[in-house]
Amino acid sequence: MRNLLPVLTIVATLLALWYAAAVALNAQWARDQAARAGETLTIPALINDTWSQDKPKLPAPHQVAVEIWQTTGAMVLEGRGFSKRSLFYHSWITFSATALGFVLGTALGIALAIGIVYNRTMDMSVMPWVIASQTIPILAIAPMIIVVLNAVGISGLLPKAMISMYLSFFPVVVGMVKGLRSPTPMQLDQMRTWNASANQTFWRLRLPSSMPYLFTSLKVGMAASLVGAIVGELPTGAVAGLGARLLAGSYYGQTIQIWSALIMAATLAAALVGLIGLIQRITLKRMGMA
Amino acid sequence: MGWLALGLVAWALGWWINSRLSHQPRTRATRLLVPVIFGLTVVVIWECLVRGLSISPVLLPAPTAIAATFAKSTHILWADFVQTALKGALTGYIMGCGAAFLTAIAIDRFPFLQRGLLPVGNFVAALPIIGMAPILVMWFGFDWQSKAAVVVVMVFFPMLVNTVQGLTDTDAMQRDLMRTYAAGYWQTLFKLRLPAAMPFIFNGLKIATTLALIGAIVAEFFGSPIKGMGFRISTSVGQLALDLVWAEIVVAAIAGSGFYGAVALLEKAVTFWHPSQRGRA
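Which chain is which? The protein sequence lines are A and B, in order.
Here the numbering used here is used: position 256 in the first sequence is 263, and no number is missing along the way.
Here the numbering used here is used: position 256 in the second sequence is 258, and no number is missing along the way.
Heads up, a few of these hints could be off.
[Unchecked claim] One side only, chain B facing chain A, incomplete, derived with CB under 8 angstroms:
#, residue
1, Asn20
2, His25
3, Phe40
4, Leu42
5, Phe114
6, Leu119
7, Leu129
8, Gly133
9, Trp141
10, Phe223
11, Phe224
12, Pro227
13, Ala243
14, Leu244
15, Val247
16, Ile251
Honestly, the hints are just simulated from the structure, not real lab data.
Quantities reported herein were computed from a predicted structural model and do not represent experimental measurements.
Backbone N, C-alpha and C define an ideal beta-carbon position, used for all residues, glycine too.
Please work from the sequences and hints to get the whole structure.
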């Protein structure tokens, strides 16, 4: 809580900057409109106009907030919380792809990490490629995966989840390899003096001591798989999902819609990462590690 | 059938050589050779699978087809590379990292701002910033300026957080020593704190290299002139010219690893004193 005041100051500063930027960016349009109508704008009128345009270059925060409320809370009150115009609906689409991809990616990542830790050949052949693949802009192949899987007859949730999986499994592999190797030689020797089998060493020593590493990489992986799901929605031709909202907004110049989708995505990311953080805290506490 | 059998043979051979090699004592040669053999095996198996199962080139072109396309269309690939990697990603990378570095030094003087900015920065670093791309394309037009802007936004916060963290990475003893030398703020900054922050700064720079290329490529999906890697990928996918898409991915991979490698080399030269760099000849 010590950080509350500084954080609030920063957030307030950012909001103030946002309002100022909205005035600066939208002023041109407002002046043009006024000039066409043969009027001159006073400063308060100008500011008022820049904060309430229909298709502003940069919508003011309150405009975005109103749009978000109209597409979430207000629709729930009308009993249409899950209609296709509701942001909840789009968030749900994106979330389902994210979650599926995240689960698949985590499973694949953990399996690969176990292979790498226990198999020397795999360690030496696969690990350098895992690291090298981090430097490759994987996201660029997203449209191709979507189209190719569509051609084989797989469409809908799975292709997007594949991209999420692809993005989220790298952090998990790297983190888990580090984590499974984190027991010290002393601890491993202790297991040997107890005549523990490889299985027992894995379940009782290696896996528990990898937990902090696992959770750290799960957070990175979750953020990455949300990005993957959003980018995966772009080439499907803007049907549904937060990425589709972004694309549709950019086609039709609906800036307020873009920003509201963006804020929704940010909220979703924060909620998901926060959820993992919560699980992390509970788990590590019960394991006596935090 | 012949191709499939050949694929199986290649797999077995590659695995056998690698498991033999990996049980040798680790030397530089084996450490380099094993992953290379693994990569080659994967490519050979890929080729054999595509030929053996006669997979349509619309789904997955064979590596040889990709190589042929690559050789045939080098001028297109080069133009795309210049447009996306050099103009978009590199410009944005330099501006974004530079701005973040200067901001970090400015913030560093005010602990209040620092405490507020770190949580916000960490939060923003986890957000799907890529979603800013359509907005920035709208603001800065279709050419590379908008791509550079996306890259600036994407690399700014990871770089800022890392630099701010790095600048705090000196202990009281070291700072006291500087004080006994009667060193001023700037002297302490340049002679002690910046060098000590270098491992963190390079960590940020390395993360930013990947983000920069991704940002520049994805931003092109929202509108671009008729060249650029992202443009080529999205239009070639539409034309089902997957061999060109794969050639573009090869370019992206080479550019990405080259960019990362260059920063890593620079890091090695600058932070030669750091434990993570020592003993790695």
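Do the hints match the structure? See the list:
1. Hint status for B/Asn20: holds, given a least beta-carbon distance of 5 angstroms to chain A, under 8 angstroms.
2. Among the interface hints, the one on B/His25 holds; its C-beta lies about 7 angstroms from the nearest C-beta in chain A, closer than the 8 angstroms criterion.
3. Restraint check, B/Phe40 versus chain A: the minimum CB separation of about 3 angstroms is within 8 angstroms; hint holds.
4. Annotation: interface hint on B/Leu42 violated; nearest CB of chain A at approximately 11 angstroms, more than 8 angstroms.
5. Of the supplied interface hints, the one on B/Phe114 holds, with its beta-carbon coming within about 5 angstroms of a beta-carbon of chain A, less than 8 angstroms.
6. Interface hint status for B/Leu119: upheld, as the beta-carbon distance to the closest one in chain A is roughly 6 angstroms, under 8 angstroms.
7. Interface restraint check for B/Leu129: the shortest CB-CB distance to chain A comes to about 5 angstroms, inside 8 angstroms, so the restraint holds.
8. Using the Cβ-Cβ criterion of 8 angstroms, the hint placing B/Gly133 at the interface with chain A is satisfied: the shortest such distance is roughly 5 angstroms.
9. At a threshold of 8 angstroms, the smallest CB-CB gap from B/Trp141 to chain A is about 6 angstroms, leaving the interface hint in force.
10. Interface hint status for B/Phe223: upheld, as the beta-carbon distance to the closest one in chain A is roughly 5 angstroms, under 8 angstroms.
11. Of the supplied interface hints, the one on B/Phe224 holds, with its beta-carbon coming within about 5 angstroms of a beta-carbon of chain A, less than 8 angstroms.
12. Hint on B/Pro227 is violated. Least Cβ distance to chain A is approximately 16 angstroms, over the 8 angstroms limit.
13. A distance limit of 8 angstroms between C-beta atoms decides the matter here; for B/Ala243 the minimum to chain A is near 11 angstroms, and the interface restraint is violated.
14. With 8 angstroms as the threshold, the beta carbon of B/Leu244 comes within range of chain A, its nearest partner Cβ sitting at about 7 angstroms, so the hint holds.
15. Interface restraint check: B/Val247 against chain A, minimum CB-CB distance 5 angstroms, threshold 8 angstroms, status holds.
16. Because the smallest distance between the Cβ of B/Ile251 and any Cβ of chain A comes to about 6 angstroms, under 8 angstroms, the interface hint for this residue holds.
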